[in-house]
Structures are given as structure tokens and as C-alpha cells.
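Undergrad: Fit chain L to the given chain U structure using the hints.
These protein sequence lines map, in sequence, to chains U and L. Under my numbering, think of the first position of the first sequence as 9, with each following residue one higher. Under my numbering, think of the first position of the second sequence as 950, with each following residue one higher.
Among the hints, a few may not be true.
Said to hold, decoys possible - Pulled a few chain U residues facing chain L out of the computed Cβ check, cut under 7 Å:
| # | residue |
| --- | --- |
| 1 | Arg18 |
| 2 | Ser20 |
| 3 | Pro111 |
To be verified - Computed footprint of chain U on chain L, listed as stretches where at least three residues anywhere in the stretch have a Cβ under 8 Å from a Cβ of chain U:
| # | region |
| --- | --- |
| 4 | 973-983 |
| 5 | 1003-1013 |
Claimed, not checked - With a cut-off of at most 20 Å between alpha-carbon atoms, the simulated SDA-like pairs for lysine to any residue come out as follows:
| # | chain 1 | residue 1 | chain 2 | residue 2 |
| --- | --- | --- | --- | --- |
| 6 | U | Lys110 | L | Gly1020 |
| 7 | U | Lys110 | L | Pro1017 |
| 8 | U | Lys110 | L | His1004 |
| 9 | U | Lys110 | L | Arg957 |
| 10 | U | Lys110 | L | Tyr1023 |
| 11 | U | Lys110 | L | Gln1027 |
| 12 | U | Lys110 | L | Glu1016 |
| 13 | U | Lys110 | L | Gly1032 |
Since the hints were derived computationally from the structure, they do not count as laboratory data. A virtual CB, placed ideally from N, CA and C, is assigned to each residue, including glycine.
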Amino acid sequence: MKILVADDDRLSRRLLEHTLSQWGHEVVACGDGEEAWLTCRQGTARLVISDWQMPGMDGLELTRRLRALGGTYTYVILLTGEEGREEFLTAMEAGIDDYLTKPVDLDELRARLAVGKRVLDLQEELRCALAVSEKLATTDALTGLLNRRTILERGDEAFAQALRQGYPLSVIMADIDYFKQVNDRHGHLVGDRVLAAVAGALHGGLRRYDCLGRYGGEEFLAILPGCAAVEVAAVAERMRAAVAGREVEVDGGSIRVTTSLGAVASGPDDLPHIINLIQLADDALYRAKAAGRNRVECHGAYPPSQTVNVEP
Amino acid sequence: MAPLDTGRLAEIAGGDAGFARELVDLFMEDAAAHLATLTAAIGDGQAERVREVAHTLKGSASNVGAEPMRGLAYALEQQGRAGELRESAPLLVALHEELERVRAVAEESGR
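So here's chain U without its partners, still in its complex pose (with noise of 0.2 Å):
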């Protein structure tokens, strides 16, 4: 485990890295306060053992100030002289979690760490617990994107920051043509690895920064921070043709799909919220399948979509 030891005293501070060390902890040694805290910002020690009284910034100071820090939880144990009961609960109050009396025994101070380590341990499994559930909850488990919910809060978020600082925002819908035949004629099994395949192409052929989701069944929203107008149709068309371009292996062969996108880019003023643009996406969904599906439209006086020819 990472320890930080705060002490002035350097006998004490050498007793303490030394023995640390031994036990197989790494340690860092600080000879006052303010060094301590600036280590201590750079969040690498998970555990602080600190003298109470130190010149500068003293022990309470240092606590008071990591727990007003947040973030990952550091384990506080105090080194206290002989202090009665108010300054024991004034370091309580201050965020200490546990604390030794000097001259520190070295088989309670192994003790104590166990017991911090112990918290430690388990605050490290809440974390990585909640980690996975939050994937859980935002993630589309067949496709691997977004899901319809946090695609819209990104949306939403987004939308909110490109109106704040002024910059473009666009939209693109997409929607897999004919995908009922491909479940009725292959079978929903073969269904769920189009659509995940669908999902891998559409979004290589996005920006980094961009975003996707899985907006319903098999349609799909794309969100595309500081995108105009004349950008859209170009980014629309690569991922028309990322997945014109993709077979998908079924028994005894492959099959390819393709997808109509609508498309369209928010000016500087033009808009109240997503919804309206993503409704407006919709919109050129709609005409693309209308005009004969595998193409992109785009909302608006914008560069005219490609014509591209329509497989049967």
C-alpha cells in the first residue's frame, strides 16, 4: 500500500518510513504539512499517517483539507501526544479516521493499518462494483453503445455546451432498411449480429468526440458537438457507406444491409432544444426512406444529400 508520512520530527519520520518499508508498504516521507498536501494532491498515497502538530500546516489542517478535496477516499490516521478529550474530538470533527498516541507502538500501529486497509480495500471493491453497474445502465448490452437514455442525456448535455460557447452541433439518424425481412427470412439471432455489426460501422465512421446510441429497435442517433452544416452530409455519408461496405457472416455465407440517415447541423440560433433537432433528424430519415433508402438527407437549404443507388 502507498503510506504518506507527515512529521517534522525526523527521528520519528525515519522510524516511521523504515518500518513501513520493511512491512512492504511504499512510502513517502514529507517533513511538514504543506509538503505533504501538495503530495497529497497528486493522489497517489491511499493512506496518511500525520503528525498532529507540525510547523505551517499542522495535522488537522492537512485532514481538514483532503476531505474537503473529495474524490478517492484517503485512510487518515493521527499521531497525538498526550491530548485530552477536547482536542481528541476536535480531530474527530476535522476527519480523522483513526490516530496513535506517541510514542508510537509499532504492533498497534500494524494493527491499526490492517483495520485502514481493510476500509480502503473495501472502498476500492464499491468502486469498481458501482464502475460496472454504471456501464450497466448506459450501455445497450447487444450493440455495445449507448442506450436510448443516456444517448438523449448526451444529447441533452451536449446541446446545452455548444449553445453556451456558441459552436455547431449536429445530428444524424440512421435506421437499418429492410431489417424485418433479415429477421424474418435469417432469424432474430442473426437480427442481433446485424444490428451489433451495424453499430461497429456506424461508428467507425464517426469523429472521436462524437456519440452513439441505440435509439429503438433498430435505429440509431448520433450526437456531433461542434459539426456544421457542411461537415454533416460528409461525416452521414461515411457511415452510410461503412455499413453498405460490411458484410455479416450467417450460415452458409453473408449478407450485407444498408441504412438511411437523416441529417442536420443546429445553427448559432436556431433551436429551443435536442429534441426539436433530433426531431428534425427524424424527419430526413423519413424522406431518405421515401426516396428510395441507402442515402443520407440532410434537414434544410445544406448541401444536397447524395443519390446513391438503391439495392433491391
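TA: Relative to the frame of chain U, chain L by itself:
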């Protein structure tokens, strides 16, 4: 009471004689510096500074098991806290003497 509890020292050094020696050397070096600071602070009547340095010295002494020095430093710390330094000079002399005793024990056990 022994100037230096070599049993306690060996224990905190984890039975590592070299490290025990390093700790005592550190202690003696720091203690000498603390005593010089205390002499000046007592001379200038800086009670708060006396309290602070005596507190540190007390901590170091208890760490290595120099119990008589710990007791003297504690008494000096109390005087500093009370802002009452008139009786501090004799304590300072006693601390110097005790430090020499610690040195003697350390050198004897070091051979």
C-alpha cells in the same frame, strides 16, 4: 532509570542493530540542535517557542526510549505553556547532562 532504554530501541528498530544506531545518531544530532534552540528561546523569553521545541524533543526522546530526557522535556514544555521560564535554565542543564549520558550508553553498546 537508564538514560537510554536499549531494549525499547532494539524493539522499535526491529532487531536491526544498524538501524538502531542510525536512530540514536539521529536523536542525538536533533536533540543537540533542539537544546541550542531552547537555550536561545529561554534567553529571549519566547515561551511559545520553548513549548514547541520542548514538545518535539519530548517526542523524539520517547521514541528512542530516553525516558529521563522525555521527563525533563515534558517539564520544560509545561513551563513554556505556562509562560513561566524562570525555572527553565536548570532543566536545560539537566537535559544537556542526560544527553551526554545517552551518548555514553550509545557508544558503549555500539562497540
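Undergrad: Now look at each hint and say whether the structure bears it out.
TA: How the hints compare with the structure:
1. Because the beta carbon of arginine 18 of chain U sits about 6 Å from the nearest beta carbon in chain L, less than 7 Å, this interface hint is met.
2. For the restraint placing serine 20 of chain U at the interface with chain L, the shortest Cβ-Cβ distance is roughly 6 Å, inside the 7 Å limit, so the hint holds.
3. Hint on proline 111 of chain U holds. Least Cβ distance to chain L is approximately 4 Å, under the 7 Å limit.
4. Proximity of the region 973-983 of chain L to chain U, defined as three or more residues with a beta carbon under 8 Å from a beta carbon of that chain, is established by the 3 residues found.
5. For the region 1003-1013 of chain L, the proposed coverage by chain U is satisfied: 8 residues have a C-beta within less than 8 Å of a C-beta in that chain, meeting the threshold of three.
6. Taken as a hint, the lysine 110 of chain U and glycine 1020 of chain L pair is honoured in the structure, with Cα atoms around 14 Å apart against an allowance of 20 Å.
7. Simply put, lysine 110 of chain U and proline 1017 of chain L have alpha-carbon atoms about 16 Å apart, close enough for the 20 Å limit, and the pair holds.
8. Distance restraint check for lysine 110 of chain U and histidine 1004 of chain L: the Cα-Cα separation of roughly 11 Å lies within the 20 Å cut-off, and the hinted pair is therefore satisfied.
9. Proximity of lysine 110 of chain U to arginine 957 of chain L is assessed by CA-CA distance (about 14 Å); at most 20 Å being required, the pair is judged to hold.
10. Our distance criterion of 20 Å between C-alpha atoms is met by lysine 110 of chain U and tyrosine 1023 of chain L, whose separation comes to about 13 Å.
11. Restraint check for lysine 110 of chain U and glutamine 1027 of chain L: the C-alpha separation of about 17 Å stays at or below 20 Å, so the hint holds.
12. About 13 Å separates the Cα atoms of lysine 110 of chain U and glutamate 1016 of chain L, which keeps this hinted pair within 20 Å; it holds.
13. Proposed proximity of lysine 110 of chain U and glycine 1032 of chain L is contradicted: the alpha carbons are some 24 Å apart, above 20 Å.
When the structure is compared with the earlier hints, a violation turns up for hint 13 alone.
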